[in-house]
Every structure is written in structure tokens, then in C-alpha cells.
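Enquirer: So the chains spell out like this:
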Amino acid sequence: MRVLRPVHPVPEPASARPIPNAVLAMLIFVVSETMLFAGLVSAFTIARASAPLWPPPDQPRLPAEETALNTAALLLSGAALFAARQSFWNNARRTRLFLTLAMALGAFFVTFQGIEWVRLIGQGLTLTSSALGSFFYLIVGIHGLHAVVALGVLAYAWTRLQRGWLSPALFGAAEVFWYFVVAVWPLLYWRVYL
Amino acid sequence: MRQKLRRWGAILFGFALFQAPRLVLACSVCTAGRDEESQDAFLATTVFMSVLPLILVGALGWAVVRRTQHRGSTQPRSARALARSLEASP
Chain H
21 MRVLRPVHPV PEPASARPIP NAVLAMLIFV VSETMLFAGL VSAFTIARAS
71 APLWPPPDQP RLPAEETALN TAALLLSGAA LFAARQSFWN NARRTRLFLT
121 LAMALGAFFV TFQGIEWVRL IGQGLTLTSS ALGSFFYLIV GIHGLHAVVA
171 LGVLAYAWTR LQRGWLSPAL FGAAEVFWYF VVAVWPLLYW RVYL
Chain F
71 MRQKLRRWGA ILFGFALFQA PRLVLACSVC TAGRDEESQD AFLATTVFMS
121 VLPLILVGAL GWAVVRRTQH RGSTQPRSAR ALARSLEASP
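Taken in sequence, the protein lines are chains H and F. So in this note's numbering the end of the first sequence lands on 214, straight run, no missing numbers. So in this note's numbering the end of the second sequence lands on 160, straight run, no missing numbers.
I should point out that these hints are in silico values taken from the structure, not numbers from a laboratory. Be a bit skeptical, because a hint or two may be false.
As the list claims (entries may be wrong) - On the chain H side, residues computed to face chain F include the following (Cβ under 8 Å):
1) P38
2) I39
3) V51
4) T54
5) A58
6) A69
Stated by the list, open to error - Every beta carbon over 12 Å from chain H, so not counted as near; a handful from chain F, in silico:
7) M71
8) Q73
9) K74
10) L82
11) G84
12) F85
13) L87
14) F88
15) Q89
16) F112
17) L126
18) R137
Note that this is a predicted model, so its numbers are computed, not measured. We put the CB at the ideal spot given by N, CA and C, even for glycine.
Work out the full structure, taking the sequences as your base and the hints as a guide.
Expert: This is the structure we're talking about:
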């Protein structure tokens, strides 16, 4: 009897990889984005230390207390996403619930930031009014942009979950992105607002 | 003629070296660190920016190695091992 043997080595299935490709790609992206934020925070730290008076006397103060509440909302959304991951393999309904909660808290964070910006612009803090304004809108704006894109990725994952074909790799990549948005914010809050 | 050129080249090079520290002062950032607070900020951010990429890349590599080892200990008969055993069987 003739035995058929594979000509090429059998490729490992995707599930046998230590880290799925999508998650690894997102991790590499997050590493590069971390360096972007590190550069911005470093530049802000030097500008702040070099200024004779900080914050500039003719500029409005940043609303640290109100933003603390917003920070709590963002941290809670990270916790909700973690809870969604915990039930990913055994309870799709619970996963959907926590994923929705995470997205709602994230949307609250972005909306609150928008309201805060409108108020600050009305008080005279603009991109060109001072170094504080320039750095504030640049750093917080780039974080906000990341938050919006990450919310889009979470929404895409939610849609696929709703249709019943959300892969663990895609969910993992969305998680990594959102955790990055959540984890970098306390550092920005500490350096920019306090 | 060639020797003359070399001599003048050496003199110009020495002069440029002598002038180099003054050129550094032309950097607007270098003149900013005059007081102690801004010098501390420069030092802290330099250390931060130098160490952070090493930590990030190290953590990524460590996570991949750890996951690989964990997978190896929990799944001794991986797909590749199964394929090898199938190939070996008549």
C-alpha cells in the first residue's frame, strides 16, 4: 500500500502560536505609540521646568477635579473590558454586556473631554495662546484620537460578536489597544493636569 | 603642494575642533538648562527616554518567551509533534 506523505512540513495552526499575529502586531504598534507619548511628556516636562511661571498667569487653570472623575470612568471601562475577557470562552451574553459597558464608559470619557475643550477654548486657552495651551491640546488631543480609534475597534469587535464570529485574536488586539489608551491616561493626567 | 594642503587641512581641522564647544551653545535647548529645576528635568527625561524602549522591547520579548514556554509545558503534543509522529508512522 502506498503511503502519502506531505511534501512540505505541516504548518502549525494559528491557535498553536504563543501570541496571535493580530495581537503581536498591536503590541508592536502600542510600543511605538508609547514612545510617541513619552516624547511628548518629556518635551512638556522640560517646557514646564524651563518656564519662569507655571501655569502661565493669564491662562485658565485646567479642571483637575472634574477630569479625575473622567479618569475614573476610563479606568472602569478598562475593568469592564477585563470582565468581558473573563467570560469570553463560556458566556457570550455576559461578554457582550461588559463590552457594551466598556464602550459606553469610553464614549463618556471622549464626550467629557470634548465638553472640557469647548469650555477651555471659551475661557481663552487655545492652541496658540501659550505653551500650556499648545502642549495641552497636542497631548490630550492625540490621546483623544487614540481613544476614538480604539472605540471604533471595540465597536467592530462588538459587531462581530453580535454576528457570532468574533475571533479571540481580534478581540485580543482590540483589548491591547484599549488597555493602552486606559493605561497611558493616568500618566498624562498626572503630568499635564496636576 | 600636496604637503601644503595637508598642513592647512590639519590646521583647519584643529581650529574646527577648538570651535566645536561654541557651536554646541548655538543649540536653543542646551541654553535652556540654566537653573537647577530645568537641569533636573533634562536629566529625568533623558533617563526616561533612554530606559523606556529597553523596558518595552524587553517586556515584549519576555512575554513571547513566557507564553511559548507555558504552551510547551501544557501542550506536549502540539500540532507539529503530531505531524512528526504521523510522518514517522508507516
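Enquirer: Can you name, in rising order, the numbers of the hints this structure does not satisfy?
Expert: Those not satisfied are hints 16, 17 and 18.
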